[in-house]
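Can you build the whole structure from these sequences, using the hints too?
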Amino acid sequence: MEKVYDTVVLGGGPAGLAAAIEAKKNGAEDVLILERDRELGGILNQCIHNGFGLHTFNEQLTGPEYAERFIDQAKELDIPYELDTMVLDLEDEGDLKRIHAVNEENGYQTFDTKSVVLTMGCRERPAGAIGIPGFRPAGVFTAGTAQRFINMEGYMCGKKAVILGSGDIGLIMARRMTLEGAEVEAVCELMPYSNGLQRNIVQCLDDYDIPLKLSHTITFIHGKDRVEGVTIQEVGPDLKPIPGTEERIDCDVVLLSVGLLPENEISRNAGVEIDARTNGPVVSELRETSIPGVFAAGNVVHVHDLVDFVSEEAALAGKGAGKYIQGTLDQEPDFKTVAGPGLGYVVPQNVSLDNVDDSITFYMRVRNVLEDKVINAYIGDEKVATKRAQKFLPAEMVNFKISKKTLEKYPDGEEIRFVIEDKPVPKKKA
Amino acid sequence: MAEVRNLICISCPMGCNLTVTRDGDNITVTGNTCKNGEIYGIEEVTNPKRVIPTTVVCNGGKLKRLPVKTADAVPKSMIFDIMKEINKVSVDAPVEVGQVIIPNVLDTGVDVVATRTMPAE
Amino acid sequence: MYDVAIVGAGIAGSYIARTLARYELKIVLIDGESDVGNQISMANSAIVHAGFDAPSYKLKGKFNAPGCIMYGKVCEDLDVPFKRTGSLVVAHTEEEMMKIHELYQNGLRNGVPDMRILFEDEVHEMEPNLAPDICGALYAGDAGIVSPFELVAKVAENAVDNGVELRLDTLVEDIENNDGSFTLKTNKGNIEAKVVVNAAGVYADDVYEMVGEHYFEILPRKGNYFIFDKECGDLVNNVIFPCPTKNGKGILVAPTVHGNLLIGPDASPTWKGDISTTQDKLDWIKENAHKNVPSVESCYRKIIRNYAGTRNTPVKTEWTTTDGDFIIEESPVKNFVNFAGYESPGLTSIPAAGLYVVDEIILPILEREGVEVKPNENFNPKNRKHVYFNELTEEEKRELIKENPKYGRVICRCETITEGEILDTIHRSAGATTVKGVKKRCRAGMGRCQGGFCSPRVTEILSRELDIPMDQVYYDKKGPAFILTGKTKDVPEQGE
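Protein chains in written order, with this note's numbering: chain F, 510 to 939; chain A, 105 to 225; chain L, 8 to 503.
In case anyone wonders, no lab produced these hints; they're calculated from the structure. Please note that a few of the clues may not be correct.
To be verified - Footprint (simulated), chain F over chain A, 3 or more residues, beta carbon under 8 Å:
#1 115-124
#2 153-166
#3 212-224
The beta-carbon is built from N, C-alpha and C at its ideal position, and this holds for glycine as well.
The structure is reproduced here in structure tokens:
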């Protein structure tokens with residue numbers, strides 16, 4: 510008989526590593542990581558900037574340092590992995606899942622496993638998806654592709670750059686290009702606010718006097734063979750370019766940081782239910798998908814802005830896989846979660862309280878910049894918890910922690926609704 | 105006459121809005137959520153500092169570039185000078201994470217260190 | 008001295024070269040681009056038309072239907088993906104139905120097989136996503152879809168394998184007529200030939216005027232297109248045309264041979280070499296494509312690329328008699344053959360038109376000039392099989408990787424293209440030498456991430472296989488279309 514794994518993890522990035530480690534610690538003995546790249550660590554290997562790990566390790570690490578801590582743990586636990594391995598297909602055969610994968614060394618392989626954790630991450634939205642008109646010359650890169658070229662391969666991809674999109678990767682790359690001797694002419698952002706962390710605007714743009722042009726987009730790419738420049742335009746409240754605001758900027762490279770999309774081809778083909786709002790699987794508190802025994806975590810579920818939360822989420826999935834194998838996972842949801850108006854989504858979409866230790870963290874994103882607002886959680890008509898913040902930004906994922914005790918008070922509740930409401934005016938002391 | 109500056113703290117992803125008031129030698133920081141915010145606020149108006157994450161040429165390793173950083177924050181005004189020093193250096197794999205690549209770069213008292221283990225190929 | 012020099016390595020020039028390769032002749036195929044099929048042949052509707060559009064008295068009408076019929080064999084020999092999907096010209100009104108009857112009659116005159124006029128119920132049964140007000144259609148079962156860039160590459164490969172010399176990056180700057188031979192002056196030196204075939208696409212009038220008097224003019228007309236994610240690939244089964252007007256065939260909605268969806272084009276006069284997309288035309292396409300297929304609107308989120316291409320429309324001047332038809336003739340300049348104004352349905356017509364120009368024009372000229380024309384006994388019409396890893400069965404995949412482990416390394420994640428396939432496209436005759444050349448031939452980078460993950464890997468493979476530094480791997484045109492601008496850091500790496 511063929512070997513049957515307890516857990517096979519699809520992807521050896523931060524999510525996959527944390528999931529594998531946690532699965533192993535929670536009763537999964539035969540764990541295997543399948544990674545498509547040439548080493549473990551995923552996208553962190555090219556994210557050489559610092560700022561990772563403040564939540565997890567309470568210090569500022571660079572991406573490779575953060576990855577290395579998890580890689581070391583996985584190695585200490587003797588978790589095997591196969592590199593340069595592409596998973597082609599995941600078949601759900603009930604209690605057993607079968608994974609089809611290829612690599613150069615071992616050829617075409619199938620792996621039978623009791624549980625699977627999907628941690629394939631996400632990919633960048635390409636130029637074609639946003640449909641900038643113009644020629645289609647060399648010199649248009651997604652920020653991540655440029656990052657890999659510069660940080661891992663040691664090649665520059667231009668001397669004078671315009672960056673579209675102020676997501677964190679775009680901001681970080683503005684600094685990287687500058688430090689490596691290129692000029693960054695501008696960072697354009699379609700929205701009236703940045704999609705990156707405030708700190709990155711300060712230390713990546715302001716430090717180097719790189720202008721951030723909010724409510725601006727690129728409306729034409731010049732140059733037939735290689736980028737020669739861009740036309741940028743201001744956009745109105747409808748996000749459409751305003752005629753008459755055209756400005757030509759000469760440059761030889763355009764970097765795009767215009768969003769990330771969870772990579773769920775394998776999940777979709779396997780029949781995993783996908784949430785149209787997150788573009789990721791619908792998951793439970795321990796990140797079980799609609800297929801029993803198939804878990805998912807990290808950017809494949811929803812795009813995170815901090816790797817610390819990826820690790821946190823992946824640990825839940827790993828724990829879920831461990832419980833599933835031991836038959837101790839409660840798969841009946843007690844609650845569904847609902848994102849109220851103004852909230853892009855809430856993860857997890859389902860909650861079984863039996864699987865929760867002390868508290869559960871709901872991840873969500875607001876659609877607009879919110880000031881003087883709170884997010885309230887309701888079960889039925891009753892407000893059960895409140896999340897406060899100085900400001901809610903679309904760029905920053907909201908972590909809303911609710912204790913198990915609170916939720917246990919509503920055995921008949923079916924839905925946890927998250928609603929944006931005005932911040933209560935503080936009562937004046939008499 | 106007190107000088108007031110509004111800053112965004114870069115110590116962590118929270119990005120607190122700080123108000124730093126400087127009156128002679130007396131500097132006060134408000135708006136911070138933690139001690140790091142206060143330190144950042146004071147430093148930012150006296151001697152702003154940054155960590156530089158970048159790469160150096162690496163020979164014989166799995167990759168042609170080794171990621172490095174300044175082990176601590178260095179004066180912001182020295183960033184490009186330090187980059188020049190870093191760009192001159194090449195190292196041979198294998199390299200251990202944390203290994204000092206340039207000790208005390210430009211007399212800042214700060215080392216440039218490797219931020220990953222680079223096995224030899 | 009070459010017997011024949013063909014200027015332009017698009018579908019026309021490449022196919023003529025391959026057809027001439029059936030004879031023992033010295034043939035050179037010349038193009039200024041860094042790859043074959045890099046202009047009109049690269050960006051078009053990718054449709055093999057059944058042949059009911061053009062009037063039968065025109066060359067377009069004469070060659071289209073036979074060309075379409077010949078496509079099956081040609082693509083089988085050359086191993087190019089081609090599907091006879093069928094096409095529908097749909098009618099919303101009684102007037103349009105009248106037009107459809109006219110097209111049907113014209114199709115009969117042109118020899119189009121397998122045509123039917125469909126009534127309302129039949130249309131909607133065949134294509135459930137069509138607009139409800141569509142009241143009938145002309146169905147042509149022979150129409151199909153092809154990958155035009157793969158086709159050109161495979162035609163050129165076969166031509167080269169059968170003895171044709173291919174010279175890329177070679178721009179013909181002037182031609183001298185030596186009465187009995189021509190000297191083609193190029194950026195790479197002179198090329199002498201007895202006969203010149205001008206298949207220079209939008210530049211055909213310029214090339215002709217290097218030797219002769221202006222007698223036709225090429226008007227480049229641009230068309231914008233959108234390509235959708237494969238998720239939208241089954242929106243329609245047939246190629247869907249609106250009822251044609253005097254402005255052309257209108258905005259079509261079509262599946263592509265690799266399972267994407269395509270909409271476009273518009274038709275706007277432009278300058279030669281302009282293949283830029285423009286917002287106004289892209290918007291116009293979006294605003295009109297849903298008239299026949301309403302649900303295409305819900306797919307706009309799934310667009311993965313826009314592109315534009317040019318048609319090389321011949322325009323009437325006071326000297327010309329072409330009236331918008333193909334110009335396929337020995338020109339007023341002796342031994343100089345024009346194969347010009349070769350716009351739609353040129354891609355479809357090529358098997359017939361290519362045979363015609365060789366048999367009826369070029370060979371007679373060569374014989375007249377005293378060149379002995381003998382059949383090439385070694386001519387092999389077939390190409391080596393192209394492996395599409397993703398389309399193999401599990402067993403075939405296993406075997407293939409055992410044989411060649413490079414097929415076990417997936418480079419393009421979106422389209423599941425392996426290193427084995429990429430190596431194959433690089434090492435074939437007329438093979439890929441650029442990142443775009445790889446993309447055109449084996450689809451690495453054609454998927455939804457548009458090369459984000461795989462282009463660095465493809466660059467690396469090209470660098471290794473062609474033994475050139477990374478920063479001398481080009482995206483397309485060698486020289487100007489550079490990808491990387493050098494290395495980071497000041498110190499050299501070991502071995503430099």
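Results of checking the hints against the structure:
Chain F is given as covering the stretch 115-124 of chain A, and this holds because 6 residues of the stretch bring a CB closer than 8 Å to a CB of that chain, at least three being needed. Three residues within the 8 Å Cβ limit are the bar, and the stretch 153-166 of chain A against chain F gives 8, so the coverage statement holds. With 3 residues having a beta carbon nearer than 8 Å to a beta carbon of chain F, the stretch 212-224 of chain A meets the requirement of three or more and the stated coverage holds.
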